[in-house]
Amino acid sequence: MVEMTDMINATINGVPVEVAPGTTILDAARKVHVKIPTLCKHPDLEATGACGICIVKVQNTGKMLRSCCTPLDEGMDILTETPEIVEVRRGVLELTLSRHPNECLTCLRNQNCELQALAADFGMTTSELPNIVPDLPLDTSTKSIVLDPRKCILCGRCITVCQQHQNVWALSFLNRGFKTRIAAAGDIPLADSPCVRCGQCSAHCPTGAIVEYDETVAVWNKLQDPEAYCVVQIAPAVRVAVGEAFGFPIGANLTGKIYASLRRMGFKAVFDTNFGADLTIMEEASEFKSRLLEGTGALPLITSCCPGWVDFMEKFHGDMIDHFSSCKSPHEMVGALSKTYYAEKMGIDPAKIFVVSVMPCTAKKSEIIRSKEMSSSGYQDVDVSLTTREFARMIKQSGIDFVTIPDEQPDHMLGAYTGAGTIFGATGGVMEAALRTAHYYVTGHDAPRVDFEMTRGLEGVKEGKLNVAGKEIRVAVAHGLANVEQVLEKVRAAREAGEELPYHFIEVMACAGGCVGGGGQPYGATNELRAKRAAGLYQEDQAGLWRCSHHNPYIKELYSEFLGEIGGHKAHDLLHTGYQVLPEYKR
Amino acid sequence: MTMSEDTALDDVESEVEEAPEDEIVVLAQKWKKKRGSLIMALHELQGRLGYVPRESAMKLGREMGIPLANIYEVLTFYNYFKLESPGKYIISVCTGTACHIKGSPKLLHGIENELGIKEGESTPDGEYHLQGVRCLGCCGLAPLASVNGKVYGKQDVTDAHGLLENVKRDEPMHVAAESADAE
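For the protein sequence lines, the chains are A and B, in the order given.
Each residue of the first sequence is one higher than the last, beginning at 6 in this note's numbering.
Each residue of the second sequence is one higher than the last, beginning at 347 in this note's numbering.
Quick caveat, the hints were computed from the structure, so don't treat them as lab data.
Among these hints, one or two may not hold up.
[What the hints assert, rightly or not] Here are the simulated distance ranges between beta carbons:
#1 Gln116/A to Lys496/B: 54 to 62 Å
#2 Ile374/A to Lys496/B: 50 to 58 Å
#3 Phe183/A to Lys496/B: 24 to 32 Å
#4 Ala122/A to Phe423/B: 25 to 33 Å
#5 Pro135/A to Lys496/B: 34 to 42 Å
#6 Thr145/A to Asn512/B: 47 to 55 Å
#7 Thr145/A to Asn416/B: 50 to 58 Å
Every residue gets a Cβ at the ideal spot worked out from N, C-alpha and C, and that includes glycine.
Take the sequences, apply the hints, and build the full model.
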């Protein structure tokens, strides 16, 4: 319903501006090309007004207000840049810097830090204040995310995203005043808290207080080891995000450059997780078909590619275990096949193969050791999982001119993929890919149109239905863990009332936007940016030769030469896993 | 927090034992329905145990449907709540404005030196717990300390030793919780 409301008219630095009621002064200023500095405010998150750097002066009243959380009022005459205002902002910065360690040169956020950028913008070269940094220990317990509370500026972004957007409640402020600090819930190690390692805290942190657990050194060392046979795979969402670290337009698909760079780094084979995504679909669509037609398992079937979601389900929704697809996530499948199928075919000792996966994700770092099934090859299937951010740093460390390097191809055996594999990186993509192949499995032919638009876009929960061979299939897609609850509640309510199930198939991704907005992706994600990254994936799908996983000739070859039947014994051993109920708190 | 609750528990007098689990269930039932009543529930819990052990906070959280993160935000925000077992003598030195002017920081330091602990800590033998608290509401007696609810007013801030001697001589009751107006 669109209701006509009176627009708000005001001036900012003398420039007239007209905005809808409720628009903040900060957003109104952007509209007239006035940049107000911000620190605690992230465009993706609700304002908390914690830092005070975005103050502006309302001439009419003489008041100084925080522009991030003050709506523009009719007739306001706003000034954003006077010596008085700048002086207050410098004061805020000086106080913030006075309790922030001067460790920029050795910090992972060096040259990519919002606080550092502001200090440079404001020319904070001297300070009257002593530098007093609280003596707080590092928390590396998750081996996925590192918490360094000394570098925390108490903006509260991580808490907002962890509590409100992800509904995990692993992080909170403790104490108050000067003693305020960020900590895991209950002041225990993060690994013992409900943390699901989604890494959204790290992706939203303005400083180096929460970062990915950096494993680039371990990978460099292996690449130098003459005994090691290093192979690598890249996730769908990495290809449309890593370019942001090199000045490419948001969403630019740089797959060929990534392959070329990885070879130059010394990887002996370059695979693509998109191949694993196609394989996941072969197994998962088959699982769906047999649950739907033969009643071999619980419906709705729920996707399991996202390790943050798997962890969340095991901790908070243990009653849904039966609904989970037993399929491993795509990078685990490629890992397992690297040390079996590829090793056999190439005559390489699997003990020497070192599998690195480049993921948009911090949770993948924990997934690779989550259970014994992650060592189905007889070795740990994926040895190290890097985030997109770590990968971007490795390119910069390697003397590769990423901007000009010519495209290369992957090693096709585990690297050729279809558009269905590519779209795994966006919310709804797994569902769409699965529906394409499930349609084929159920009817024996491809759907006349393989675009299932109902699964696309950034709506928190998407629902849709389609008709397959006279049968109505109802699906739901949720992303951002706080959105999961309502979908599962519908399922539970129907189950208890003995009513028809609301859905047959549910896709969940832990991060908003899916993997394109993953916790290991470049900083600054907003819905606008997520949409652009996703568009990069959908473009590739649209332009591709093959758009359904079951059309991938290398997948067919894999089954005929090695795996045997879809969902068969060997596939089960290498490509499937199980789940267990986990306690919310480990102690 | 480094101290293990288990060890701390062993050092405490027998009347300060952890409440049986079902007591927490009853407590949660009582407060669950009233919005914003977490503080009241925690008050009651601390009143019974002398402090709020993590296990009890987790249990209360589960029963009330409140994340532990929320409970710890509250527990650590207010000085009044204790996460570790307090000592036999809970010494609260007032650091409110009037007492501050009258030199209470000096008294606090003196006691810290006498006991070899910092504010907010307990002696290893579990005998003393020292804390600074905001106004105790009897500024006319500044500077003052309260020990297990008994007020020691108009103290000589240079004589922490004397205060501790008086406390020992008085042998106050082993009261687990202080009055709620300490915060």
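Q) Can the suggested window of 50 to 58 Å be confirmed for the beta-carbon pair Thr145/A and Asn416/B? A) violated (25 Å)
Q. Should the hint that Pro135/A and Lys496/B are 34 to 42 Å apart at their CB atoms be regarded as holding?
A. This hint holds: roughly 40 Å between Cβ atoms.
Q: Go ahead and decide if the range 47 to 55 Å is satisfied by the Cβ distance of Thr145/A to Asn512/B.
A: 48 Å Cβ-Cβ, so the 47 to 55 Å window holds.
Q.
Within 24 to 32 Å: is that where the Cβ-Cβ distance between Phe183/A and Lys496/B falls?
A. Given about 31 Å between the Cβ atoms, the range holds.
Q: Check the following: the C-beta atoms of Gln116/A and Lys496/B are separated by a distance inside 54 to 62 Å.
A: holds (60 Å)
Q. Does the Cβ-Cβ separation between Ala122/A and Phe423/B fall within 25 to 33 Å?
A. The hint (25 to 33 Å, Cβ to Cβ) holds, given that Ala122/A and Phe423/B are roughly 32 Å apart.
Q: Kindly confirm whether 50 to 58 Å is satisfied by the beta carbon distance between Ile374/A and Lys496/B.
A: holds (56 Å)
Hint check: a violation occurs at hint 7 only; the rest are consistent with the structure.
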